[in-house]
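> Here is what each chain is made of, one letter per residue.
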Amino acid sequence: MEAKESLIWVFPEIILAVGALIVLCFALASDRAKKLGFGVAAIIPLAALLVLVARFTLEPVRDVFYGSLMLDPFSQVISGFFLVVGFVAVIASINDTGIQKVGGLEYAAFILCILCGMLLVSKASSLLMIYLALEMVSVPSYLAVAFFPASKESQEGGLKYVLFGALTSGILLYGLSLLYGFGGTLELYELPRALASREVPLVGFIAAMALVMVGFGFKITMFPFHAWAPDVYQGAPTAFTAFLSVGPKVAGFAVFTRVALSFFSPDALPQFPGVDHGFYSLVALLSAATMTYGNFAALSQDNIKRMLAYSSISHAGYALIGLAIPGGKGIGVLLYYLFVYAIMNMGAFLTVAFVSRTRKRETLSDFDGLGYDMPYVGILLTLFLFSLTGIPPTVGFVGKFALFSRAIEGGLLWLVLIAALNTVVSLYYYVKVIKALYLGGSRALFPAESLPIMQSCTLGALGALTLFFGLFWDPMLRLGDLGAKIVLGV
Amino acid sequence: MQSFPLLSAMAFFPLLGIPVILLLPQSKASYAKWLGLVFTLPSLALGVVLYGSYNRELAGVFDPASFQFIERVPWIKTFNIEYFVGIDGLSVMMVLLTVLLCTLCMVASFSIKQSPKGYFSLFLLLETGMLGVFISLDFVLFYVFWEVMLLPMYFLIGVWGGPRRVYAAIKFFLYTLLGSVLMLVAMLAFYSQAEPHTFDLLRLIQSDFSGVTFDMFGRVWDFSKVMFLLLFIGFAVKVPIFPFHTWLPDAHVEAPTAISVILAGVLLKMGTYGLMRISYPILPESAIWFSGALAVLALINIVYGALCAMAQQDLKKMVAYSSISHMGFVLLGMSALTETGMNGAILQMFNHGTITAMLFLLVGVVYERAHHRNIDGFGGLAANMPVYAAFTGFAWFAALGLPSLSSFISELMCLLGAFNAYRTITILSVSGILLGAAYMLWSYQRIFLGPLNERYRGLADISTREVLSLVPLAAIVILVGIYPMPVISLMQASSRALVNLTTLGV
Numbered sequence: 001m002e003a004k005e006s007l008i009w010v011f012p013e014i015i016l017a018v019g020a021l022i023v024l025c026f027a028l029a030s031d032r033a034k035k036l037g038f039g040v041a042a043i044i045p046l047a048a049l050l051v052l053v054a055r056f057t058l059e060p061v062r063d064v065f066y067g068s069l070m071l072d073p074f075s076q077v078i079s080g081f082f083l084v085v086g087f088v089a090v091i092a093s094i095n096d097t098g099i100q101k102v103g104g105l106e107y108a109a110f111i112l113c114i115l116c117g118m119l120l121v122s123k124a125s126s127l128l129m130i131y132l133a134l135e136m137v138s139v140p141s142y143l144a145v146a147f148f149p150a151s152k153e154s155q156e157g158g159l160k161y162v163l164f165g166a167l168t169s170g171i172l173l174y175g176l177s178l179l180y181g182f183g184g185t186l187e188l189y190e191l192p193r194a195l196a197s198r199e200v201p202l203v204g205f206i207a208a209m210a211l212v213m214v215g216f217g218f219k220i221t222m223f224p225f226h227a228w229a230p231d232v233y234q235g236a237p238t239a240f241t242a243f244l245s246v247g248p249k250v251a252g253f254a255v256f257t258r259v260a261l262s263f264f265s266p267d268a269l270p271q272f273p274g275v276d277h278g279f280y281s282l283v284a285l286l287s288a289a290t291m292t293y294g295n296f297a298a299l300s301q302d303n304i305k306r307m308l309a310y311s312s313i314s315h316a317g318y319a320l321i322g323l324a325i326p327g328g329k330g331i332g333v334l335l336y337y338l339f340v341y342a343i344m345n346m347g348a349f350l351t352v353a354f355v356s357r358t359r360k361r362e363t364l365s366d367f368d369g370l371g372y373d374m375p376y377v378g379i380l381l382t383l384f385l386f387s388l389t390g391i392p393p394t395v396g397f398v399g400k401f402a403l404f405s406r407a408i409e410g411g412l413l414w415l416v417l418i419a420a421l422n423t424v425v426s427l428y429y430y431v432k433v434i435k436a437l438y439l440g441g442s443r444a445l446f447p448a449e450s451l452p453i454m455q456s457c458t459l460g461a462l463g464a465l466t467l468f469f470g471l472f473w474d475p476m477l478r479l480g481d482l483g484a485k486i487v488l489g490v
Numbered sequence: 001m002q003s004f005p006l007l008s009a010m011a012f013f014p015l016l017g018i019p020v021i022l023l024l025p026q027s028k029a030s031y032a033k034w035l036g037l038v039f040t041l042p043s044l045a046l047g048v049v050l051y052g053s054y055n056r057e058l059a060g061v062f063d064p065a066s067f068q069f070i071e072r073v074p075w076i077k078t079f080n081i082e083y084f085v086g087i088d089g090l091s092v093m094m095v096l097l098t099v100l101l102c103t104l105c106m107v108a109s110f111s112i113k114q115s116p117k118g119y120f121s122l123f124l125l126l127e128t129g130m131l132g133v134f135i136s137l138d139f140v141l142f143y144v145f146w147e148v149m150l151l152p153m154y155f156l157i158g159v160w161g162g163p164r165r166v167y168a169a170i171k172f173f174l175y176t177l178l179g180s181v182l183m184l185v186a187m188l189a190f191y192s193q194a195e196p197h198t199f200d201l202l203r204l205i206q207s208d209f210s211g212v213t214f215d216m217f218g219r220v221w222d223f224s225k226v227m228f229l230l231l232f233i234g235f236a237v238k239v240p241i242f243p244f245h246t247w248l249p250d251a252h253v254e255a256p257t258a259i260s261v262i263l264a265g266v267l268l269k270m271g272t273y274g275l276m277r278i279s280y281p282i283l284p285e286s287a288i289w290f291s292g293a294l295a296v297l298a299l300i301n302i303v304y305g306a307l308c309a310m311a312q313q314d315l316k317k318m319v320a321y322s323s324i325s326h327m328g329f330v331l332l333g334m335s336a337l338t339e340t341g342m343n344g345a346i347l348q349m350f351n352h353g354t355i356t357a358m359l360f361l362l363v364g365v366v367y368e369r370a371h372h373r374n375i376d377g378f379g380g381l382a383a384n385m386p387v388y389a390a391f392t393g394f395a396w397f398a399a400l401g402l403p404s405l406s407s408f409i410s411e412l413m414c415l416l417g418a419f420n421a422y423r424t425i426t427i428l429s430v431s432g433i434l435l436g437a438a439y440m441l442w443s444y445q446r447i448f449l450g451p452l453n454e455r456y457r458g459l460a461d462i463s464t465r466e467v468l469s470l471v472p473l474a475a476i477v478i479l480v481g482i483y484p485m486p487v488i489s490l491m492q493a494s495s496r497a498l499v500n501l502t503t504l505g506v
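Sequences listed follow chains C and D, in order. Going by this note's numbering, the first residue of the first sequence is number 1, and it counts up by one from there. Going by this note's numbering, the first residue of the second sequence is number 1, and it counts up by one from there.
Hints are computed from structural coordinates only; laboratory data are not their basis. In this text the structure is predicted, and so the values were computed from the model without any measurement. All the pointers check out, no bait thrown in.
EDC-like mimics (lysine to aspartate or glutamate), calculated; alpha carbons at most 16 Å apart, straight line:
#, chain 1, residue 1, chain 2, residue 2
1, D, K225, D, D215
2, C, K329, C, D481
3, C, K329, C, E409
4, D, K77, C, D474
5, C, K160, C, D231
6, D, K77, C, D481
Turn these sequences into a full structure, and let the hints guide you.
Right under this line is the structure:
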């Protein structure tokens with residue numbers, strides 16, 4: 001498709017990119033205009049979402065920008081999801097005094113840039129575009145993590161993120177270039193056929209895929225490439241952690257899924273019999289390792305942000321179950337789980353963001369008696385934590401239910417058993433927080449503070465969704481299944 | 001199909017009380033207890049209606065046509081899950097027991113002073129969860145209620161409990177969640193194995209899982225046995241069956257009195273109820289295959305529980321261990337797979353519910369006055385608290401199985417039912433009754449008889465409110481002990497059907 005025709009299909013991305021620039025301009029203006037800037041920043045993701053929904057197409061649109069991008073239900077559903085997450089992230093930053101002090105509009109502009117990158121990631125269908133889009137997500141993320149110049153943790157987190165990120169980007173690029181070298185084409189969907197026609201050695205192909213997986217594994221905090229996450233999540237502004245643990249991570253899942261399915265769907269690589277089976281087994285093992293590591297490491301954490309960081313590693317492990325179901329049969333539930341995870345994880349992090357802002361720290365003892373001092377916050381945090389554990393009637397239960405059910409149908413009973421036992425382990429550390437909220441000895445150490453209106457609406461909405469989708473499962477499950485319509489091969 | 005959704009009304013009415021209680025202004029928080037009672041009574045009233053209109057001829061168990069008070073609404077279409085409730089002879093007793101104990105426990109909780117709004121809201125949520133478990137006929141619905149119950153229980157133990165409440169609450173939560181996630185795995189495995197995919201318990205009963213195998217860890221496993229084991233662990237934690245019992249003494253001891261009553265009176269029954277409702281009918285061959293092991297575990301429960309009870313210094317702990325022993329009789333009755341044994345098991349569930357409730361309420365009475373429960377720390381209380389001593393004596397005798405009181409009948413039925421199947425085990429189990437008499441009488445002697453401990457001369461006798469919460473239970477214990485037929489006839493048809501389904505496949 002020519003560039004001119006292609007433009008229409010990247011209209012949401014254009015809105016985001018232009019919007020980010022406009023918002024940056026507001027940052028230079030007077031205080032009064034800045035308020036307007038926040039309004040603009042919040043509206044931009046919604047406008048992009050509107051365009052996306054209005055132009056939603058079930059029929060895949062291939063070949064956008066000469067085959068760099070492609071639209072299918074998978075990419076569009078994920079894009080829509082990203083825009084909602086981005087909207088929440090912008091809203092959540094408005095009342096965040098910590099971020100506002102340093103420069104709220106710059107922060108909002110970062111979010112919009114990252115969003116633009118994430119949308120491109122979900123659509124990328126050429127090796128080069130995959131790399132560029134991921135970098136577009138990463139670079140503003142590095143900046144946002146190191147957003148607090150006065151905070152050592154923030155600086156340390158930012159630096160770690162840059163170093164790890166640069167290293168794994170390099171590895172990813174190396175893997176992608178190997179694939180290009182073997183196949184002679186950048187287009188993802190041409191590659192399997194190209195590899196077949198060129199008598200590529202199996203060892204070379206496996207090496208290339210392994211390098212690519214390192215790059216994706218870093219993004220999704222898959223064991224053993226998770227090591228950056230706790231420090232970065234802890235150091236970053238908590239509101240950004242909420243976004244980072246959901247947005248860029250899901251973007252990583254999206255591109256991992258697309259690449260995995262294009263190479264490892266049945267009959268994609270007839271010259272390497274059994275390689276797809278090996279891949280799914282490997283993902284299953286990595287899934288088990290990721291969730292187990294995340295949960296056990298979270299057990300001993302005293303800092304709640306750090307604990308939630310490990311918890312989000314373990315949730316990446318659960319989500320990987322969806323990818324480990326052979327033949328891409330788990331994509332629907334994988335997406336569903338990611339939606340679910342986004343709701344409850346953002347809820348938990350944003351609640352913690354508020355508490356740590358009022359109490360200056362976020363260790364367990366800072367939460368003592370919080371449930372009595374601030375009942376609304378206490379109930380919401382309890383709800384999110386129970387949801388993360390997977391206890392009905394919350395949406396987290398439904399997520400696990402759907403994942404486990406599809407995995408058992410796919411013959412992964414052993415993995416489901418491991419995941420189920422992991423749930424029990426995770427209960428222990430989630431309940432440690434709830435224990436502090438309600439069962440903690442001391443109370444009223446801190447003055448009760450009321451939530452700013454924006455924040456209380458955002459959190460209330462996330463809490464309501466946690467319960468609503470926990471009772472009425474169908475709408476989101478259908479959305480996940482819609483998004484599972486992914487284009488495989490040409 | 002009933003025009004009035006009796007079961008839903010019964011289960012969800014308590015839920016309506018929660019917003020009302022939470023909206024109470026803080027200055028009027030002490031009214032929460034009255035509201036709690038007000039929102040429990042309708043369920044009790046509906047329970048009376050249920051008892052009156054229940055048709056004793058219909059068996060239920062596997063036949064949708066003979067379930068009563070059925071309500072069926074599609075809930076989650078993607079997974080074919082329904083809101084499907086109904087009762088039969090297996091559940092009707094448990095439903096009645098639940099509404100009865102909840103009402104009495106509301107009365108017994110009137111002395112709660114610390115955050116009453118939270119306490120009574122959570123209690124009402126707990127009641128909904130418990131009733132939901134007993135009326136659900138869809139596995140997912142069952143599971144959701146089963147889990148929903150955990151949350152209020154965690155807080156009720158953890159916030160309003162004794163000195164080691166935090167430890168006890170988390171232990172209870174972890175153990176039960178371990179059991180329930182294994183049950184979740186089994187449930188999903190049934191779903192994917194059954195054709196067509198369903199969570200409807202009655203349709204799962206009709207699916208045949210015998211002979212199905214699957215590969216895992218490089219081995220071939222028998223589907224039905226593995227699933228039975230997963231479900232068994234899930235239910236065994238709740239009963240609790242040795243060696244999954246260690247949460248029980250902690251939770252029961254630390255929980256506030258009324259919650260101990262609910263734990264012992266209702267929650268423990270869910271384990272055995274689950275085995276009857278789910279494991280036995282869906283996986284009959286495995287049930288038969290495991291029945292010998294179950295009988296052995298029953299024996300261990302009976303004897304080990306009794307020996308532990310005898311060794312306790314803490315009165316509440318003694319009662320807690322006696323529950324383990326008495327639940328062993330339920331297991332023994334079930335494992336025999338005879339009609340008598342099954343009837344005995346269900347009746348024992350009911351009787352243990354009423355009797356252990358009395359025991360815990362009575363322990364609570366003395367604890368509220370003396371602020372300790374050390375058996376050796378009293379002495380001669382009978383002189384000071386004659387009415388209390390009389391009630392306690394009655395409950396203690398009921399618990400040790402005195403003829404003409406209810407548990408005598410059910411324990412006898414369990415033993416009789418099991419005798420032909422497992423002679424040695426049954427004979428050894430009888431020793432549990434003997435041991436029961438020993439620890440009960442011994443503790444009674446140490447607390448009530450002998451010279452009065454001067455420290456407790458001023459202790460007030462049992463109050464009217466406390467008597468009110470005990471009298472209905474005592475009346476039931478006597479009535480069932482003398483003339484058990486009205487109660488046995490409630491479950492006879494169903495337990496016959498369950499035994500026939502399991503042993504003969506019809």
